[in-house]
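Asker: Listed below, chain by chain, are the residues.
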Amino acid sequence: MTSIPQDTAPDGGEYDPVYLNARREAVVIFGVWVVCLLWSVPYCYIAGFPKEGQEFLPETLSTVGGIPSWVFWGILFPWVLATLFTTWFCFFYMVDDDLGEANEGADIQEEIEELHAAEQEGGQ
Amino acid sequence: MSGTLSFSPLLAAGSNAALITFLIYTLAVFGLAAVSNQLLKSKSFLSEYFLGSRSLGVWAFALTFAATSASGGSFTGFPSKIYTHGWTLALWIGSYMVVPICAMGLLGKRLNHVARISGSITVPDVLRDRFHSAKFGALATLLIVFFMTFNLVAQFKAGSYILNTLLKDVEFFQFAALQTESMTSGIPFLAGVDPAYLLCLLFFGVAVIIYTTYGGFHAVVWTDVMQGIVMVIGVMIMLPLALTQVGGLQHATAEMAKMMPPKLGTLSVTIDQPQDVGLNIDAQTWLKTGSGENERLFRVSEFASIPKGKLTATDVKVVEITTPEEIVRINGQLERDPSDQLQIPYEVNNIDVKEYAYGSGKRGGYVTGPGPAPSNVNGFLPLSLAISFFFMWAISGAGQPSSMVRLMAFNSSTTLRRSIFTVAIYYGLIYFPLVVIFCCARLLLPGMDATADAIMPEMAVHLTKNVGMLWLAGLLVAAPFAAVMSTVDSFLLMISSALVRDVYQRNINPEVTEKRIKLMSYVCTAVVGTGAMLGAINPPQFLQDIIVYTGSGLAACFLGPMVFTLYWPRANAHGVIAGMLAGFAAHLSMYVAGFVIKQRFEPYRLFNFDPIIVGLFVSFLAVYVVTLMTPPPPEELVNKYFRRRPNAG
Chain A
1 MTSIPQDTAP DGGEYDPVYL NARREAVVIF GVWVVCLLWS VPYCYIAGFP
51 KEGQEFLPET LSTVGGIPSW VFWGILFPWV LATLFTTWFC FFYMVDDDLG
101 EANEGADIQE EIEELHAAEQ EGGQ
Chain B
1001 MSGTLSFSPL LAAGSNAALI TFLIYTLAVF GLAAVSNQLL KSKSFLSEYF
1051 LGSRSLGVWA FALTFAATSA SGGSFTGFPS KIYTHGWTLA LWIGSYMVVP
1101 ICAMGLLGKR LNHVARISGS ITVPDVLRDR FHSAKFGALA TLLIVFFMTF
1151 NLVAQFKAGS YILNTLLKDV EFFQFAALQT ESMTSGIPFL AGVDPAYLLC
1201 LLFFGVAVII YTTYGGFHAV VWTDVMQGIV MVIGVMIMLP LALTQVGGLQ
1251 HATAEMAKMM PPKLGTLSVT IDQPQDVGLN IDAQTWLKTG SGENERLFRV
1301 SEFASIPKGK LTATDVKVVE ITTPEEIVRI NGQLERDPSD QLQIPYEVNN
1351 IDVKEYAYGS GKRGGYVTGP GPAPSNVNGF LPLSLAISFF FMWAISGAGQ
1401 PSSMVRLMAF NSSTTLRRSI FTVAIYYGLI YFPLVVIFCC ARLLLPGMDA
1451 TADAIMPEMA VHLTKNVGML WLAGLLVAAP FAAVMSTVDS FLLMISSALV
1501 RDVYQRNINP EVTEKRIKLM SYVCTAVVGT GAMLGAINPP QFLQDIIVYT
1551 GSGLAACFLG PMVFTLYWPR ANAHGVIAGM LAGFAAHLSM YVAGFVIKQR
1601 FEPYRLFNFD PIIVGLFVSF LAVYVVTLMT PPPPEELVNK YFRRRPNAG
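Just so you know, the protein sequences line up as chains A and B, in that order.
Using the numbering used here, the first residue of the first sequence is number 1, and each one after it goes up by one.
Using the numbering used here, the first residue of the second sequence is number 1001, and each one after it goes up by one.
Chain B extracted, bound-state conformation (with noise of 0.2 Å):
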């Protein structure tokens, strides 16, 4: 996600709707905040609190694994990515066929009977137990740590972004803002944000800290079914809407086979007189130059303006179309409705835009593989990395510790086997009607290029507007805000979860009573939303990057020992330990030598694998080797989780 976005007029009109929508959630989050925390009342608190008391039936257990997964980058990059690249998306998604059942059905039965066994409530918990080894449940507490803080941190700045897009045209919320920058502008630590950025990042982090602090596992996995709900209908609202606007999916897919690839860059603007009150150039004002055949079009990516007594504005941003039959029907489109185009003479010089790396000047990149790339020689998805995504999504999956958690909290087999159809049934509506909408969205909303990353609330505005339903766009445009907010929820309640349950009860005071275990836990959960939200403040350089590093670096590293772990029963602590480490460090490997390499925070592909591949396969072996060479574990642990127990049966 851009750290700045434009968006048009249009997008202002379904600001209140959006307003109004956020306000009715956030009052819904907290009500199921409330009744959460009478739970917490009757039960086991820890186990409650942590876990929900493994008592997760169907529509919870599906539902908080679905949201939890989808995260913001399903209704933001997702569907930035097909705009961008075109059809080469479905296959790029391809592998969420499988997804319910890999990651959920790889290891939740085992995962959950195996906690069980042991009394675990986290995902450390089971590596230590299982192994009876300290040190295994220090190393995963700390790698999750260590990773989710980056990604809580990361996932905090993108839900501030996306509450910004839903409010910055909503004049209280300016007003807001106004204030915000006011009372700030003195304090050093806060003088160079945006105050409509911090505002945001206020309400939204108070708000899931309050939520997520009192009302545990519970809150977030009721709020997570909720927003699953919304996400869904959401979907299916747009598809339909889509289709029709754009004239049927056939007439969409024939046009983007014309299509070549647009071009991004800059241009000046300079008008013959000067205005009296200056001259604003909104985001998606088109612009055109010379006539007939040399007729060239643009459409302005980001707000500009000619300042008042001046004639030119230099470094406009724009995107060119350069399809001749795309120049044709928007020029169609301008003549029966002209409103958005610069309202007096001008003239445009100084162009200078860049083609794309792979697919420029050709036509059909937007409906074949590997799709156009605009930095990439080789295009969007080259095979090896169509291999790599088929691992990442199904396989690496399985092996996030915050999906494990939740694989830990069903209340029997049968809502797990019941949960993985729902789940399939529920990718199946979300995720390919996606590349369908966002297909579409090409063709309803061109020259978006340069600002893709706008293009889903860009496209709930114009598909509800053109029906006459904008209030439908408040809840379109919650969608992404309900998926970053289920993420975030649960990866604030596993860091605090690994810091008192896996650091202090377990390695510091066993015997701590359960009233003062209570407090810590709301403190603690409390502290670390507070240091996160105060770390996206000032969020760390590379902090997109840093996501995908840290999701495939615990899949890296959590997967390999957790499958031995489950179901190998000759593994030990020191084929598992060595497993976690080389995973960690091939994975690290890959970025360290991207990094020296190329100057940037980006990963080194060994044979143009995404390093999440590297990482599995040196885990894999380090444990199946190290584990042979060193002694079987005790019979006894052999015993406890591999053996009928006496009372089964």
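The following block holds chain A by itself, in its conformation from the complex (with noise of 0.2 Å):
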């Protein structure tokens, strides 16, 4: 999408760095998600789906440590990774920003003073 900014805005402003890590980082996450997605369920329909036409012999079934196999390695064996890969990014990839002070009730105090606006204009 050619509309999502670069680092720096349009007129040379900065943006907000929690802004740009955020984005960073859900950028990284989505491409995890993507990747996981192209290898779990192509390999398990692959390897676990049985063919049109094919018998299954339960002699013939593989498994790893009583799991079926294309289970181990299409479901398990990544969900392992992606939890190591999650450790890795908490730890050493996402950013510990300065969230800011909560501005409680500013919301409501500036539509307080719209409000208040309005009725001094309503009544000139």
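By construction, these hints were calculated from the structure, which means they are not laboratory data.
Glycine is no exception: its CB is placed at the ideal position from the N, C-alpha and C atoms.
No farther apart than 20 Å at their CA atoms in a straight line, the calculated lysine to any residue pairs in the SDA-like style are these:
| no. | chain 1 | residue 1 | chain 2 | residue 2 |
| --- | --- | --- | --- | --- |
| 1 | B | Lys1258 | A | Pro58 |
| 2 | B | Lys1258 | A | Leu57 |
| 3 | B | Lys1354 | B | Ser1375 |
Estimated spans, in silico, between C-beta atoms of each pair:
| no. | chain 1 | residue 1 | chain 2 | residue 2 | range |
| --- | --- | --- | --- | --- | --- |
| 4 | B | Pro1631 | A | Pro17 | 24 to 30 Å |
| 5 | A | Pro10 | B | Lys1041 | 44 to 50 Å |
| 6 | A | Pro17 | B | Ile1229 | 32 to 38 Å |
| 7 | A | Glu110 | B | Val1523 | 23 to 29 Å |
| 8 | A | Arg24 | B | Glu1511 | 40 to 46 Å |
| 9 | B | Ile1597 | A | Glu110 | 48 to 54 Å |
| 10 | B | Lys1362 | A | Leu38 | 27 to 33 Å |
| 11 | A | Arg24 | B | Ala1134 | 29 to 35 Å |
| 12 | B | Glu1335 | A | Phe56 | 26 to 32 Å |
| 13 | A | Gly65 | B | Lys1362 | 23 to 29 Å |
| 14 | B | Pro1345 | A | Phe56 | 38 to 44 Å |
| 15 | B | Phe1045 | A | Ala117 | 22 to 28 Å |
| 16 | A | Asn103 | B | Asp1545 | 38 to 44 Å |
| 17 | A | Asn103 | B | Met1183 | 49 to 55 Å |
Computed footprint of chain A on chain B, listed as stretches where at least three residues anywhere in the stretch have a Cβ under 8 Å from a Cβ of chain A:
| no. | stretch |
| --- | --- |
| 18 | 1379-1389 |
| 19 | 1501-1512 |
Take the two lone chains, each set in its own frame, and fit them into one complex as the hints suggest.
Answerer: Following this line, the structure appears as structure tokens:
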């Protein structure tokens, strides 16, 4: 999407670093989801779904530690990798941004001011 | 979850333990609510009551997020599906490997940041403030109230059924149910309602309403923490017990590989001599007919009886075991322990059983995809649905307003980082082990396919009884109850906040006093909870289907607009309103088309994909296109939410 801004705004001003960090982290997270999808679903489909007309013989089922091998390599193995990635992401990649103090009541205050301004305009 | 569940006599043994667990549980919940109420006195009321003053630390944030997302389905519907369809459920739930990082990380930091800039307390608050658009806020509020009200009623129903499951064999409870029946029989609105269900609904509803109303967000979060701990402990106890008792996972999978799906239906049981006191045929009684290679084996799935002086029970609901090796194994068990058979001579006739639509007569269905299915000719999880569920859990999970409000409540980005890690470990400890446990259940508790919704409590009691620790069953069966409770309280508070904050304070009277808003919050939470409880007395038809509709519908409406709200400075009110309406309409149209074509509450699946895919695609596209077609947002809004603030580092 071409309209997503770069680190500097079109007018040369600076974007908030929390916004920039959050956006960069979100892109990485979305990428990880895509990788997991592209690994798990096709692998399980190819290795774990019987082909049309193919007869299943129970003694031929391949397992790893009692888990069907298509489940082990298609789900459990990437699950472990995804958890390791999450660990790295949380402790070594994600930035500790200062989220700032909450402006409690700021939105309501703004509305009250606008309300009074509108009333004054109406009264004039 | 089915309306009527049948349970074995075995389950009765765990009921006293369950009752004690439940009472301890309820007391603890009220204690937490009392402590939470103290916090309300020392902080800004609305921010504390609906958002916990944005002060959640790692454990509170991680476990409230995990417990709210888990809902009752994780401990009732999910085990039932594993039992019914086998190992393919690992693929169905597979995207949980990235759910924590997606559902918390995609929006978490930025949403919390934006909510702090504006001072927003609710999700509609954020959307309204970001675009300075009362219309957008009102639309978001309307959709939250619409979707969540249905869901709340359904969750009340689910909680009451689970409580009924726990208590139905306790003598005191049976006595209380009889008293309830005598009191309500003259009231037309209540006359046709099962008194045991009504009693459970009243107990469950009143408990949840009181602690949520009195304690607010912190009470909900702390009970979530307690409930989240109960859930993970339950699974961690069950896993080794199941593996040991089944003889190892290798053995279980090898036996499952030989299994063919059962047949479900009815038959008649006829005895030779009439009995003086009638004959009860308990649920899970084994029945046989024929001999040698022609022997057929059935398990009764609902209680039936032959009345005094009669010889036949008709329409006895049964599951027929069709795998020869399984029949031999069960016969061996019945020879060692014949107590689960009728103790007098009988004949079985009028057998009317139905084969599975997919997988019938074939081995291997329980260890391969797409898994056996009673009514779907394409199997349980064809490829298109597997892709849909990868979207559903990880991506649409991020689009749930109940999750979003939690993302606004953590205290720092350090908490967010540590919580994502904590939830990743937590889900790893729960979901894959559940698949293992309930695959083992196919061997340990065979023939329960018609009553698979009860497999969780049945398995809990079975596993603990075999090791002489029946008291543990109380803790284990409390897990699904905890899961429903943690979902109900969150939804209740969301609806209440939408009405008090988004409708009244922001649209009717911004200058309302703190004292009045406090009173309104208490009253509104209590009234909404009571309304949902009354709605659950005679819940509308298709309620369980409506839960699925509301879950994916909320994501279709909220995810696209929220992503653009947080990450695209060019986004404007026209675009996000269009995206929200388009997501709602596209998702709804799939259900309307399904209803027209199939004459039942079931969505039309475009290219075999779930409606959530269609809804999300249309919503994202609509925001983007409409935004570019309309003027850019005011510069001051972009500066406020996207530019470096003067006091920032």
